[in-house]
Amino acid sequence: MSDPMQEIMASFFIECEELHESLVDALQLLADGESDIETINVAFRAVHSIKGGAGAFGLDALVDFAHQFETVMDACRSGTLSIDTPLNELFLRCSDMLSDLIRCSRDGEDVDAATSTGLIAELSGYVPSEDEGEVEEIEFQPMVLDLGELGPGSDALPMDLPPLDLPSLDDSDETEAPELGPSDKARLAVEFRAEGELYESGNEPLFLIKALADLGRCETKLTLDPPKSIDDLNTLGSRLSWNIVVETDMPPTAVHEIFEFAEGLCKLNVVAIPGSAAALTKDVSTEVPVEAAESSAPAPAEAQSSNTPDAPAAAPAPASKPEEPAPIPKPAAAKAPEKAATTPPKTSPTVRVDLERIERLVNLVGELVINQAMLSQSIAEENIPPNSPVSAGLDEFMQLTRNIQESVMMIRAQPVKSLFQRMSRIVRESSAAVDKTVKLVTDGENTEIDKTAIERLADPLTHMIRNAVDHGLEDAETRIAQGKSKQGEIKLRAAHKSGRVLIEVSDDGAGINREKVKSKAMEKGLIPDEAILSDSEIDQLLFLPGFSTATEVSNLSGRGVGMDVVKTQITSLGGRVTIESTPGAGTTFAISLPLTLAVLDGMVITVAQETLVIPLNAIVETLSLSVDDLKPVAGGQSVLCVREQFVPVLDLGVELGYREEAPMQDGTIALLISPEEGVLVALLVDTIEDQRQVVIKGMQESYGRVPGVAAATILGDGQIALILDPNDLVQNATGDDLVITQKKAS
Amino acid sequence: MSLSVLAVDDSRTMRDMINLALRTEGFDVHLADDGEHGLEVLDDIDPDVIITDINMPRLDGFGFIDAVRLREDTRTTPILVLTTESSAELKTKARTAGATGWIVKPFAQDKLVRALKMVAG
Chain A
1 MSDPMQEIMA
11 SFFIECEELH
21 ESLVDALQLL
31 ADGESDIETI
41 NVAFRAVHSI
51 KGGAGAFGLD
61 ALVDFAHQFE
71 TVMDACRSGT
81 LSIDTPLNEL
91 FLRCSDMLSD
101 LIRCSRDGED
111 VDAATSTGLI
121 AELSGYVPSE
131 DEGEVEEIEF
141 QPMVLDLGEL
151 GPGSDALPMD
161 LPPLDLPSLD
171 DSDETEAPEL
181 GPSDKARLAV
191 EFRAEGELYE
201 SGNEPLFLIK
211 ALADLGRCET
221 KLTLDPPKSI
231 DDLNTLGSRL
241 SWNIVVETDM
251 PPTAVHEIFE
261 FAEGLCKLNV
271 VAIPGSAAAL
281 TKDVSTEVPV
291 EAAESSAPAP
301 AEAQSSNTPD
311 APAAAPAPAS
321 KPEEPAPIPK
331 PAAAKAPEKA
341 ATTPPKTSPT
351 VRVDLERIER
361 LVNLVGELVI
371 NQAMLSQSIA
381 EENIPPNSPV
391 SAGLDEFMQL
401 TRNIQESVMM
411 IRAQPVKSLF
421 QRMSRIVRES
431 SAAVDKTVKL
441 VTDGENTEID
451 KTAIERLADP
461 LTHMIRNAVD
471 HGLEDAETRI
481 AQGKSKQGEI
491 KLRAAHKSGR
501 VLIEVSDDGA
511 GINREKVKSK
521 AMEKGLIPDE
531 AILSDSEIDQ
541 LLFLPGFSTA
551 TEVSNLSGRG
561 VGMDVVKTQI
571 TSLGGRVTIE
581 STPGAGTTFA
591 ISLPLTLAVL
601 DGMVITVAQE
611 TLVIPLNAIV
621 ETLSLSVDDL
631 KPVAGGQSVL
641 CVREQFVPVL
651 DLGVELGYRE
661 EAPMQDGTIA
671 LLISPEEGVL
681 VALLVDTIED
691 QRQVVIKGMQ
701 ESYGRVPGVA
711 AATILGDGQI
721 ALILDPNDLV
731 QNATGDDLVI
741 TQKKAS
Chain B
1 MSLSVLAVDD
11 SRTMRDMINL
21 ALRTEGFDVH
31 LADDGEHGLE
41 VLDDIDPDVI
51 ITDINMPRLD
61 GFGFIDAVRL
71 REDTRTTPIL
81 VLTTESSAEL
91 KTKARTAGAT
101 GWIVKPFAQD
111 KLVRALKMVA
121 G
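Protein sequence lines correspond, in order, to chains A and B. Counted from 1, the first sequence has number 529 at position 529 by my numbering; the numbering is strictly sequential. Counted from 1, the second sequence has number 56 at position 56 by my numbering; the numbering is strictly sequential.
Hints are computed from structural coordinates only; laboratory data are not their basis. Note that the Cβ used here is the ideal one computed from N, Cα and C, for glycine as well. Please note: incorrect hints may appear among the correct ones.
Some chain B residues flagged as far from chain A (calculated, every beta-carbon gap over 12 Å) [what the hints assert, rightly or not]: (1) Ser4; (2) Asp16; (3) His30; (4) Asp43; (5) Asp44; (6) Ile45; (7) Thr76; (8) Gly98.
Looking from chain B toward chain A, a few residues come up when the C-beta cut is under 7 Å (computed) [to be verified]: (9) Ser2; (10) Ser11; (11) Thr74; (12) Pro78; (13) Gly101.
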């Protein structure tokens, strides 16, 4: 990204996302009827800024669309158009289109021109577009100060300037007009008299004359018009005028362009003198009369003429400026403080940082954590007393390391808001596809979660939302028959909960039809015919590969992607997904994710002399067993009785192939894990070494997916240890039968 | 001596572009997010010229210009308005508010620089 324009363009697209986010927010407020005057302004500004930036990069499709969008919003803003439900819905669809256009522009993809044109047409229905480009172009041309490269459009410049009308002149002063030697060159005679307003607007004759000098050699004559008496003294007035002859082939329009900002604030007359006609100099002098400098001028120096339009010539102008109290329109200024008070507090200043740099920092902090662990271990091995300065220093070091690590992780964290906003679009589109009216309610949008997780949650969430709209919510008639409101509701909620992030998708639909789910699963051979399943186990069946309850595959959610894919995607983020459903009242899918993807709290254990790490959050309880605690059951399995519940047992050493099945000894440790809600499995391990933070080092790139293993880490002594994925391990060990067997046993 | 410019625009992209265009031309560029911020920046610096957007949160371009013209130190500082509109009405509005000139977005670098030179030398 060495090209600064490329960089700015990249940042433009990021800004577009933010602007689009605030647009969606504002439109949502409008839809909910919770808007105030500023809401439509915010929406307008967002589209306006997108248009402005897009114009700079020549993204015409985006500019055209944003322009029409903005035009209608501007009409709403000025009150000539009121926002009703259909218009607001149109705005929402336009906002979706805008987002598509931004994405297409960014990725260089083709735009869905038909939809865009259709929406532009719909928008034009509210406020007609200002028609053909040519008209605009002519209007546009003079504004861009296109001095050097006069295009064809500049001929269309308005030339109806008021004729010069200067106060009485002494014609005998003719001789003081700038004298040019005989010249073959074409010239322009410029007469310029500043009005008081010119100075008030911050214009400066010196710079205008300098700009004139860029056109060619200038002869400049300054004329002073001092007050004739004290009554004539007007401090707001202007007493200077200039006669300038410029050697240039440019047409008079070139001069008018230079004086564009000053037009209307000065008297300006430009006359062309054709080339090779030295005699014409005199014509100019008579045609363009020049004011006399009276001998009583207070500052004679000011009346000097100069060959160059340099500082001395125009020095009087700035000198006269400070005396003019600029009359300033008051109403708008008075409005300002009030406006500031009603606007929300300013967001904290931000710094944009390359993601790569953050990754590097995260990795370095990972190394630091490992290094600290190694140091702690070395110090522990030295048997240094716990109250020694070394131990105290180490404690502090550990604390700092942890703080640094958390701070770094916070850099990567982002609110889930952008994700939720995308979902509101999914709800809109999917409810329209199945002809249901659905309202999306979001909560906890500011909950922060790792950026990567946000990106990778979009797919599973989309799928869950579509499912909820399609299968979860009943159609309008059924809802009304059941005494529910016609409009279905989907709730999207995010929250921090005991060191994890919880994201819930719930609907107020019919709930899971468990009979149907069960018979379907039996029909598909996913469960044995005689299986006795609890409600939650039936719900879990939805996550089995190849499961689909929709009797008719709808064009919305039945596309062969099942909830099993959702579960896999969530699991790959270190998350879990659970279902809760109440017949007639609705279904809730809850996703629980780790706060960060780079470090986890783990329990370091050994099995058959191998050191392994088990994520702490997977462990419900640890038990030290005696031989009698295990009860053998049919099929060579054992169960453990924990508080009157039989828990299946898995010997980790055997499961991972580290050893043959061996008789259990007293003191064996059982780790109770809960792969699913309400289900427990006991993992047998030899010893628990430690409980500590470990840095996750991915293995997928080198080894692909290893069943039962989530990643690896480097321990304090430099040893590499595998981080296990207990849930995957349990599933691999026995398939889902284990869980089912367990229930049967109990 | 390089000219100092204060550019006020709520669009980061626009600020970046102005910054790039003017820095490469040797201007001393200061940036602000909106009118309120612009006024804060003016407490610290005294630019030779101000460029401002119109549509901004908190304090828009018109309010900003009004406030700038009310300040003793910036009463006559040249102000260029950045606008996507080219309507004569907007020109009049900008002028009434006290702007010196205007630049139509999107702008080419040379045109921006030329406009600046026209109002600030």
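Okay, the hints, checked on the actual structure:
no.	hint	in the structure
1	Ser4	holds, 15 Å
2	Asp16	violated, 4 Å
3	His30	holds, 15 Å
4	Asp43	holds, 15 Å
5	Asp44	holds, 15 Å
6	Ile45	holds, 17 Å
7	Thr76	violated, 5 Å
8	Gly98	violated, 6 Å
9	Ser2	violated, 16 Å
10	Ser11	holds, 4 Å
11	Thr74	violated, 9 Å
12	Pro78	holds, 4 Å
13	Gly101	holds, 3 Å
Of the numbered hints stated above, those contradicted by the structure are hints 2, 7, 8, 9, 11, listed in ascending order.
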